[in-house]
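*Asks:* Protein chains in written order, with the numbering used here: chain E, 1 to 434; chain G, 1 to 471.
Calculated from the structure, these hints are not laboratory results. A couple of the hints might just be wrong.
Stretches of chain G that chain E covers, calculated by requiring three or more beta carbons in the stretch to come under 8 Å of a beta carbon on chain E [claimed, not checked]:
| hint | region |
| --- | --- |
| 1 | 86-95 |
| 2 | 373-383 |
| 3 | 435-442 |
Below, in silico cross-link-like pairs of lysine-lysine (PhoX-like), each with a Cα-Cα straight-line distance of 20 Å or less [to be verified]:
| hint | chain 1 | residue 1 | chain 2 | residue 2 |
| --- | --- | --- | --- | --- |
| 4 | G | LYS198 | E | LYS29 |
| 5 | G | LYS354 | G | LYS378 |
| 6 | G | LYS351 | E | LYS13 |
| 7 | E | LYS41 | G | LYS216 |
| 8 | E | LYS3 | E | LYS63 |
| 9 | E | LYS38 | G | LYS216 |
| 10 | E | LYS63 | G | LYS354 |
| 11 | G | LYS198 | E | LYS61 |
| 12 | G | LYS216 | E | LYS423 |
| 13 | E | LYS388 | G | LYS97 |
| 14 | G | LYS97 | E | LYS391 |
| 15 | G | LYS198 | G | LYS216 |
Negatives, chain E to chain G, calculated, CB over 12 Å [claimed, not checked]:
| hint | residue |
| --- | --- |
| 16 | MET55 |
| 17 | ALA81 |
| 18 | ASN174 |
| 19 | THR191 |
| 20 | ASP194 |
| 21 | ASP222 |
| 22 | VAL226 |
| 23 | LEU282 |
| 24 | ALA308 |
| 25 | LEU319 |
| 26 | GLY367 |
| 27 | LYS371 |
| 28 | GLU383 |
| 29 | ASP385 |
| 30 | ILE392 |
Ideal Cβ positions, reconstructed from N, Cα and C, are used throughout, including at glycine.
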Amino acid sequence: MSKYTPHTEQDVKTMLNTVGVSSLDGLYKDVPREIFQKELKLPKGKSQYAVEKQMRVLAGKNKTYGSVLRGGGIYDHIIPAAVNALTGRAEFVTAYTPYQAEISQGVLQGIFEYQSLMCALTQMDISNASMYDGAQAAAEAIVMCCERKNKALVLGQVNPQYMAVMRTYCNSHNISIDSISAKDGLVDINTLADSIDADTACVVAQCPNYFGLIEDMKAIADIAHVKNVKFIYIFNPVAAALLPTPGECGVDVAVGEGQPLGLPMAYGGATVGILTCNKALLRRMPGRVVGQTTDHNGRRVFVLTMQAREQHIRREKALSSICSNQALNALTTTVYLSLVGKVGFVEVARQCVDKAHYLANELVKAGAKLKYKTEFFHEFVVEGDGEKWNKILAEQDILGGMPAPDGTLWCVTEKADKETLDKVVIAYKEARSI
Amino acid sequence: MKLIFEISVKGRRAFDLEESKVPSYTLKQTRNDYAELPEVAEIDVVRHFTEMSRNSYGVDNGFYPLGSCTMKYNPKVNEVIAALDGFNNVHPTQCCKEVGGTTEVTETLIEKLCVLSGMDSMTLQPAAGAHGEFTGIALIKAYHQDHGDTIRTKIIIPDSAHGTNPASANMNGFEVVTCPSDSEGGVDIEELKKLVGKDTAGLMLTNPNTLGLYDKNILKITEIVHNAGGLCYYDGANFNAIMGICRPGDMGFDVVHLNLHKTMSTPHGGGGPGSGPVGCKAFLASYLPVPVYGPKPSDYDQNKSIGKVRANIGNFPVYLKAFAYIETLGGDGLREASQLAVLNANYMLAKLKKEFTVAYDKICMHEFVLSLSDIKEKTGASALDVAKALIDNGIHPPTMYFPLIVHEALMFEPTETESIETLDHACEVMFKIKKQAEQNGEALHNCPVTTIVGRADEVNAARNPILKYEH
């Protein structure tokens with residue numbers, strides 16, 4: 001019903017007349033008659049109001065929780081109100097890729113600030129303008145690193161979804177991919193050097209790893225470089241506020257999921273892949289990048305640059321076909337980090353750590369066993385099945401930990417308050433007594 | 001304007017947390033310094049990004065006839081729907097009973113997109129058109145491998161194709177063979193016959209093609225490829241021309257990607273997120289990425305899947321907007337949207353061709369390509385100069401220098417949501433610019449002059465890359 005087209009009947013007549021065709025279907029002379037359709041077999045259109053009502057009903061079929069104590073790749077953090085007020089501005093939302101720099105300085109500056117912020121977080125040399133999500137960024141990072149050698153080695157407990165995406169991309173690119181399982185939850189540093197052979201192009205590790213544990217990324221980087229292979233660090237941007245940075249560890253590529261920086265969980269659908277690397281890899285980096293230059297009057301101008309790497313110039317010689325990325329989500333992380341600021345961002349990360357450790361300690365006091373003994377960031381695995389426990393919590397509007405091998409993976413962010421965490425402990429005791 | 005880092009003042013902040021009330025815990029390993037994020041007040045952030053938005057140009061600002069990008073109006077109600085808490089405040093690991101709304105949207109959208117495209121199954125995982133191409137070509141690769149047909153190493157792509165096509169084929173380890181266009185801008189059938197063979201894995205094609213022309217030989221083209229044992233991939237970049245008129249599945253295509261951010265009115269966000277669902281015929285369904293949604297998810301043999309192409313479900317908020325769009329327009333509305341997109345393009349073309357040279361002078365589909373070679377030769381003003389002069393007249397330039405087979409190309413795609421008055425005005429502006437070029441072609445080299453910056457020194461940008469703010 002609502003068609004969003006301004007044409008009156010008279011307009012259509014006038015225009016057909018100018019074109020010299022008698023009917024709208026007459027415009028499709030080149031379509032073979034045997035496949036020409038007179039109608040589209042979908043239900044009739046509806047008013048905007050009817051559709052909005054229908055979608056509200058569908059949204060109501062989802063169950064939302066007041067507190068979410070789950071992570072595993074998608075996290076529930078505070079999103080300041082100003083984030084959506086700014087990123088929802090129509091000039092940002094309805095723009096295309098900023099090919100015309102003179103009328104796109106806002107979008108371009110936003111990407112430049114995003115790149116600068118990602119470099120500040122990771123202390124890496126350069127960042128691209130975004131990838132689809134963290135998993136795909138990790139997959140393309142492997143492709144970047146496989147220049148003369150053709151094998152990737154994935155270490156320890158990497159998010160299984162990332163592993164799946166890395167496998168798909170490696171299969172496509174004819175890169176072989178192996179994984180080495182963890183020892184006591186962590187990358188086995190003692191055997192790492194022996195696992196790297198002459199074909200290995202790169203190693204990949206995640207920190208905090210899938211079960212929240214903090215790896216010794218510096219030690220892995222050192223071994224990788226002694227063995228002359230590249231090292232890809234999968235990081236969590238909130239953890240990056242506190243942990244040794246990829247840059248400090250001396251990694252070659254650092255990738256991560258930007259969703260924790262101001263984007264909703266959205267069933268895992270509102271993502272942005274962060275990809276940063278050191279200077280030496282600039283020409284193998286996929287995706288768009290914005291650079292600073294000047295116009296003829298010496299004014300600062302931001303432009304899409306280094307395009308000779310990309311598909312529209314290199315065509316079949318390009319390493320990646322990425323064109324559209326997750327620009328508006330990248331802008332969201334930029335606004336978020338600007339609002340949270342230098343000190344606020346560290347406070348967010350510290351509260352994640354403090355509250356996660358508080359919950360873990362209280363659970364241990366109540367008799368729970370943590371699966372791993374080493375240091376974690378804001379996620380940890382509690383041994384045993386959490387089904388009854390979660391059921392009790394669900395009645396209190398709390399989404400409890402997610403199933404993990406031999407236990408339940410919990411995540412606590414700055415959003416959780418002490419009272420909620422105490423309820424989790426009480427529910428644990430209750431579940432045990434059933 | 002300044003960068004956010006340049007307005008930072010130590011001690012300012014725009015964010016507060018409640019006191020944590022739990023003991024603090026000190027990590028053993030920490031970074032040396034705080035990350036160099038800005039320190040600004042909330043009003044600073046708000047004014048900063050508001051000014052940036054004013055230095056940007058979207059469909060809401062004015063006419064945006066960027067060829068191949070389908071910059072149609074992005075309905076506001078869809079933004080409201082995509083922001084609903086029920087959809088946004090759910091974690092991807094919640095059990096299916098708790099996300100009935102999300103599942104229903106996903107499954108129904110797949111069903112409708114299958115009806116539109118003539119496909120049997122579909123994945124919504126790919127985040128963009130090029131991601132869809134990567135996925136779709138991976139399906140073709142998996143199919144041939146599964147049938148032990150490993151000598152099929154080549155993908156045929158017309159010379160008018162988007163750069164993403166050859167790049168996506170290369171990402172899957174295929175060799176790219178370029179097929180020339182014939183004198184009418186379509187695939188050269190005789191050349192195609194010579195190119196196909198036992199080594200043909202498939203063909204990638206967009207129809208209407210990048211010249212905005214519908215290839216009338218389409219059934220013959222897909223038949224030639226099929227007879228050689230190859231599969232046919234449809235790039236849905238130009239699907240806005242043919243909704244409800246004809247379906248890629250009926251044209252003979254086996255795999256299709258659609259661009260929801262073009263055809264289904266979802267906004268492009270200055271570069272993304274988009275969404276590039278991939279549909280396929282039933283015989284390819286078992287290779288689709290997991291998890292599989294749709295009418296009969298249990299039918300799939302998941303062992304054959306190419307795996308995941310991204311984590312979780314895909315760009316879900318984009319599906320919501322596309323879904324709402326399809327519900328609002330309905331079958332009749334979608335068909336009419338395509339018809340009017342084609343009408344608008346032909347109307348503009350009919351007017352412009354009185355003064356400009358058309359690359360291929362015939363009824364076009366949703367877009368058309370002008371060649372400004374003659375104007376450049378006569379006046380010195382190039383396609384780039386004309387594009388920049390359009391900016392001074394409040395119009396976003398068309399796509400420039402594409403497709404590569406047309407010299408001094410300007411590709412216009414007005415879309416169906418523009419009025420006759422807007423199109424008339426744009427044509428008048430084009431005529432005015434041509435006159436200016438004829439009077440003084442050199443003067444156009446300075447355009448645009450009404451913007452906050454002039455043309456950038458792009459050579460310097462690439463030679464001396466400054467890719468971040470240095471503190």
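*Asks:* A separate judgement is required for each hint: does it hold in the structure or not?
*Replies:* Against the structure, the hints:
1. 86-95: holds (count 9)
2. 373-383: violated (count 0)
3. 435-442: violated (count 0)
4. G:LYS198 x E:LYS29: Answer violated: LYS198 (chain G) to LYS29 (chain E) is near 34 Å, above 20 Å.
5. G:LYS354 x G:LYS378: 17 Å, holds
6. G:LYS351 x E:LYS13: The hint holds at about 15 Å.
7. E:LYS41 x G:LYS216: With a Cα-Cα distance of about 24 Å, the restraint between LYS41 (chain E) and LYS216 (chain G) is violated, given a limit of 20 Å.
8. E:LYS3 x E:LYS63: The hint is violated at about 32 Å.
9. E:LYS38 x G:LYS216: Measuring from Cα to Cα gives roughly 18 Å; hence the hint holds.
10. E:LYS63 x G:LYS354: Violated: LYS63 (chain E) and LYS354 (chain G) sit about 60 Å apart, past 20 Å.
11. G:LYS198 x E:LYS61: 51 Å, violated
12. G:LYS216 x E:LYS423: 68 Å, violated
13. E:LYS388 x G:LYS97: Judged against 20 Å, a Cα distance of about 17 Å means the pair holds.
14. G:LYS97 x E:LYS391: 14 Å, holds
15. G:LYS198 x G:LYS216: 26 Å, violated
16. MET55: Answer for MET55 (chain E): violated, closest chain G Cβ roughly 4 Å.
17. ALA81: Nearest chain G Cβ is 9 Å from ALA81 (chain E), so the label is violated.
18. ASN174: 5 Å, violated
19. THR191: 22 Å, holds
20. ASP194: 25 Å, holds
21. ASP222: ASP222 (chain E) clear of chain G: closest Cβ-Cβ about 14 Å, beyond 12 Å.
22. VAL226: 21 Å, holds
23. LEU282: 7 Å, violated
24. ALA308: At about 7 Å from chain G, ALA308 (chain E) fails to clear the 12 Å cut-off, so the statement is violated.
25. LEU319: 8 Å, violated
26. GLY367: Given a closest Cβ separation of 20 Å, the condition holds.
27. LYS371: 18 Å, holds
28. GLU383: 19 Å, holds
29. ASP385: 15 Å, holds
30. ILE392: With a cut-off of 12 Å, ILE392 (chain E) remains clear of chain G, as the shortest Cβ separation is near 16 Å.
The structure fails hints 2, 3, 4, 7, 8, 10, 11, 12, 15, 16, 17, 18, 23, 24 and 25 (numbered hints given earlier, in ascending order).
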